[in-house]
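**Q** Residue numbers (my numbering), protein chains in the order written: chain A, 1238 to 1781; chain B, 703 to 1378.
It is possible that part of the hints are untrue.
Below, in silico cross-link-like pairs of lysine to any residue (SDA-like), each with a Cα-Cα straight-line distance of 25 Å or less [as the list claims (entries may be wrong)]:
{"no.": "1", "chain 1": "A", "residue 1": "Lys-1615", "chain 2": "B", "residue 2": "Pro-1206"}
{"no.": "2", "chain 1": "A", "residue 1": "Lys-1632", "chain 2": "B", "residue 2": "Gly-1018"}
{"no.": "3", "chain 1": "A", "residue 1": "Lys-1425", "chain 2": "B", "residue 2": "Arg-1165"}
{"no.": "4", "chain 1": "A", "residue 1": "Lys-1615", "chain 2": "B", "residue 2": "Met-1205"}
{"no.": "5", "chain 1": "A", "residue 1": "Lys-1632", "chain 2": "B", "residue 2": "Gln-824"}
{"no.": "6", "chain 1": "A", "residue 1": "Lys-1615", "chain 2": "B", "residue 2": "Arg-1165"}
{"no.": "7", "chain 1": "A", "residue 1": "Lys-1632", "chain 2": "B", "residue 2": "Gly-1042"}
{"no.": "8", "chain 1": "A", "residue 1": "Lys-1586", "chain 2": "A", "residue 2": "Asp-1448"}
{"no.": "9", "chain 1": "B", "residue 1": "Lys-875", "chain 2": "B", "residue 2": "Glu-1203"}
{"no.": "10", "chain 1": "B", "residue 1": "Lys-1109", "chain 2": "A", "residue 2": "Asp-1448"}
{"no.": "11", "chain 1": "A", "residue 1": "Lys-1425", "chain 2": "B", "residue 2": "Gln-824"}
{"no.": "12", "chain 1": "B", "residue 1": "Lys-1109", "chain 2": "A", "residue 2": "Lys-1615"}
{"no.": "13", "chain 1": "A", "residue 1": "Lys-1766", "chain 2": "B", "residue 2": "Pro-818"}
{"no.": "14", "chain 1": "A", "residue 1": "Lys-1425", "chain 2": "B", "residue 2": "Asp-1280"}
{"no.": "15", "chain 1": "B", "residue 1": "Lys-1109", "chain 2": "A", "residue 2": "Ile-1461"}
{"no.": "16", "chain 1": "B", "residue 1": "Lys-1109", "chain 2": "A", "residue 2": "Lys-1766"}
{"no.": "17", "chain 1": "A", "residue 1": "Lys-1649", "chain 2": "B", "residue 2": "Gly-1042"}
{"no.": "18", "chain 1": "A", "residue 1": "Lys-1615", "chain 2": "B", "residue 2": "Ala-1204"}
{"no.": "19", "chain 1": "A", "residue 1": "Lys-1649", "chain 2": "B", "residue 2": "Gly-1013"}
{"no.": "20", "chain 1": "A", "residue 1": "Lys-1632", "chain 2": "B", "residue 2": "Asp-1280"}
{"no.": "21", "chain 1": "B", "residue 1": "Lys-1109", "chain 2": "A", "residue 2": "Leu-1262"}
{"no.": "22", "chain 1": "A", "residue 1": "Lys-1615", "chain 2": "B", "residue 2": "Arg-1262"}
{"no.": "23", "chain 1": "A", "residue 1": "Lys-1425", "chain 2": "B", "residue 2": "Arg-782"}
{"no.": "24", "chain 1": "A", "residue 1": "Lys-1649", "chain 2": "B", "residue 2": "Ser-1201"}
In case anyone wonders, no lab produced these hints; they're calculated from the structure.
As the structure is a prediction and not an experimental result, all values here were calculated from the model.
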Amino acid sequence: MDPVTLAVLSARFTAIVEEMGEGLLRTAYSQILNSSRDFSIAVTDGACRLVAQADHIPVHVGAMPFAAKAVLDTFGSDMKAGDVFLLNDPWHGGSHLPDLTIVLPVFSDGVVRFYSVVRAHQSDIGGGTHGGYNPGANEIWQEGLRIPPIRLGENFTMRPDLVSMLALNTRINRDFRGDLAAMLGSAKLGANRLSDLLTQHGSGNLMLAVDAILDLAHVHAARIVESWPDGTWQGEAVLDDDGHGQENIAIRATCTKQGGTLTVDLSASDDQVQGFVNSSYPNMFSAVCMAFAYLLDPEVSKNEGAFRALRVVAREGSVVWAREGAAVTLCTSHCSNEIVEAIVRAMSKCCPQRAMGGWGRRFRIAITGRDARRPERKFVWHLFHARPGGGGHAKGDGWSSAGEWHSAGGLKFGSVEMAEARFPLHFRRHEFLGGTAGTGEHRGGHGGQLELIVESDGPSRGNTAGDGVRHGSAGILGGQDSAPHRYALRHADGSERLLRTKEVGVVIQSGEVLEVRSAGGGGWGDPAKRDPALIARDIEEGLA
Amino acid sequence: MHYTIGVDVGGTFTDVVGVDAEGREYLAKAASTPQDQSEGVLDGLRNLAAALGLTLAELLETTTRIVHGTTVATNALLERRGARTAMLTTEGHRDVTAMREGLKPARYDLRLPQPPALIPRQLRLPVRERLRPDGRVEIPLDSASLDAAITTLREQDVESVAICFLHSWAAPKHEHAAADAVRAALPGVFVTCSADVLPQIKEFERFSTTAVNAYVGPIVSRYLTRLESRLREAGYTQPVFVILSHGGMAPIDEAARLAVGTALSGPAGGVAAAMALARRGLGQQLVTLDMGGTSTDIALIQDGAATLGRGREVGGERIALDSLDIITLGAGGGSIAHLGSGGTLEVGPQSAGARPGPACYGNGGTEPTVTDANLALGYLDATRFLGGARLLDVAAAENAVARLAAKLNLSAEATALGIYRLVNARMADGVRIATVRRGVDPRGATLLAFGGAAGLHASAVARDLGMARIAVPLFAAGLSAWGMLQTELRHEIARSVVSAEAMPSDSALTALLDGLEAEARKQLAQWFKGEVVTHRAADLRYGEQVFEITVNLDGVTPDRAGLRAAFHARHRALFTYDLPEEEVVLVTARAAASGLLPPLPVRPAGADEQADATGTRRALLETGWAELPVYGFEALAAGQSIEGPAIIESATTTVLLLAGDTARMETGGWLMIERV
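Take these sequences, add in the hints, and give me the full structure.
**A** This is how it looks when you write it as structure tokens:
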């Protein structure tokens, strides 16, 4: 296969997944999709190998082929063009229940050549609490509706009775239907483009090109890995707690680099726990891929070939690979982020120039109540502000207020003005906060400071989901950990109540102030080596 | 005889196009002068005068209009050479522009350093004040903190100040009071308020746009003043207009006030030209392919009009003003082909630029560019490039290609053809972004190819996309400057009206839209006495959706029911569904006033007699080497048809017809290429 045709086709596959993503972004109804972009798009070949994935949320980078594989395992030869498959169950091709995945097979000459795969996070998936995250759950049935691979429809059309059954099990019926329609539209767009490509190039040639594209990515990744020294290193990251009394849950990575292959063994991680910080297998595998992608060059194609240079070992029954039935909803954030952190910590001893300090942990709160200006109107608002900082690295300080490992600057917080105009909220302060970053030769990015007054009609209630009030973002190579998150509710009498990261039904009286000090990023390298000019700049900016 | 003149300042050349009263078009070029673009403009005008047998003074005395596209603001932003700028902002919110809504580009590059903010934190000065979304004062403007900030401005020797307070979109009083205080204390400092730049809700977009305005304002203002005085000294007495990012134009004073509005004016002339050609009968659905030396601009014309967007960035800074929805690819004639880190052939984004330029320029370039590949393939005539002004070195081009071929383990011929195919594929993907991602099927549109290099690639790009029609104007190389003479004066006004209520009452809505329209008319009347056309629009969305859709309200009853119906229909058209039971929320109301200038006279193009081929050239096509007939572009008769494969060339443009193409010279002044 000549390099020009490969370059053209490789670009074409990327263009297809980007086009699918753009379509979903513009048509999705729920805020979590069209603003926060919490979705992923992939194309796999008939053997369920990842061919191309759009750059949306890194946490799904290695997870999508599991969905195609689950459909293939379930339906085998009982598939035809136009069939629409759906799933979400973490033990049947999913990562966690809020992520619905649509899979469309693409045929030529009666053989499945590709799968067009669209995954999108739903605003609600049933279960014990609104919004998909149930800190109280200690088994998956309390987390929402489980969907194994099902044939949702034929001829690119969903069966209305099945859609009604699914929608009936969620709280935000309208968003659910709108988002599902948008997902099918996007997957269908991909299937059409892939069919055109098959017609244009012939399936024989096209599949040879896919083999070659994957091989090239493998060579590319392996060439980078080969440039690192051989050896074995250990790294550890620790979760605060599981919300059910178990604290300091450790994820342990043993990384062995040999030639062009990196083996990541997570077997020594702690046993699975009660609460929803456990990971499903696909999510764990994906988190390892995400860490590996961060250590490579950003130009390396994110496909099966690149991840051939990676071997993943884990132990069923551990927190990173829980047994079927465990609660896992938080896993795309936690313990995904700790898996990345443990690997990067281990590898910082192998390829220090490529390692980066820890990115902040997730700590969000969903507030629901009634607007004093329109008491008949119930509101639900998700806090994305005061984002944590990114980690320092060899090339400079970390990004300020850019988010967590799993999103890495890909999640947007909304306009303060719009939030104040539309919700009973008053943002007294929302700024960077000095002293939150881990110091180092290159410090982490700054965390944020938020003072938010809820002006509701009567009390409102908040649910939290996150981690990181005990452990800050990891410092590496002599860099310091950041300060941890600190979220407090300031009562009218001046007293404060600290918020835990996994709480349901926190009562917020109208006029009370939510005071957030989010973690910065972890530092990189010895703080004593920090350029005095950079120290002076931080002082001048009032962020020392 | 009198003239109208369009001036397009590019990275390498300043193009000056003059059109006389009978519609004759003249193109003159001069080297651009980046340190002071007005020198190159005057040089270009002198060259144009010389070509017409006039002195500069004679030309300018008979010129009725000069329209100018400038890259002064763009370059200042890209090179970070703007004014020393500070921001006064609401206490507690001084990091709005630096936070960038939490977004970072390049998802998998965690070692990407964060670029410094346009205005550093120590110059983002908090002022104690606070408004509520309904404009109510929560904290009055505190004069002590304002004075303290002004003291800092003075101590820091600031040249320009952006005043950005929360909710000034609802009530500009605090911003205006602060601006008055700054102007009184620091005369000569450029002061701009966010409520005057972009009176719309969403602080990041408004503050960022205002910060850019402050950053480029003094420089653009100085430049335009200098240009105007040079023109006056040279004898010009009529108005000078500047083309803005939205494709309309404004007089010099307004362009200086809203300098940020010129930041994307560079490619606007080409889009204006495409719309003018659409009016002249080229077709209502066009995709422009403007291929230059380092980049290619692609835009979509639907129903004869260009689409506008508001999410553009220049130099990493968000500019939320209306701007033409143009896709810019980092690939052009000067793009360098190389072996990528992934082991495949890549083209760009590195470019040989004007210096050293492609290897075939003989200025020391050694890496193969797209132009070198085109020369090696026989598509370009080494002796007639730029009308023979520059002799191309074929051996240098072939050697550069051969060196890359060795790395790829391919023949030199296969490599040159590979570069050609790859750059075509990138253009095709760019067109897909501009069309398919916006829900438009490109197969129904005509590909309008212009700029120096597009004619060689257009047919292959169109084939990849299944587009059956391509147009290449005779004036392809100067089309952007020509397009500046085809646009209108425009003033746009927007106002946000967000509250806990979804929409104002019927009477308030009518008053709002009528008021905006009257305001836009009044503003335009200060510059223009002729016929004025107005348009209305509104940004609307469903209840909890995050993105608004701009809905055209021309002919729509300005009440709740009217806006709702218009929004449902638009949503259905864009996204295939609507939600009739859902609450429709008004975010921003808009009005635009356009002043229509008399259209330029048109002369039918084409020679009187059919032209024969002037010779043949050996070129490598996908099917192998072939001897292609070569025709002179200007010599073609109106209605003359030429079958591909063939080459049609003028002094500034070369067109490659592939087998199956039939080109026809149209009286409108373009070659229409269709495929059987």
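**Q** Hints broken by the structure, by number, lowest first?
**A** 6, 8, 11, 12, 16, 17, 20, 21, 23
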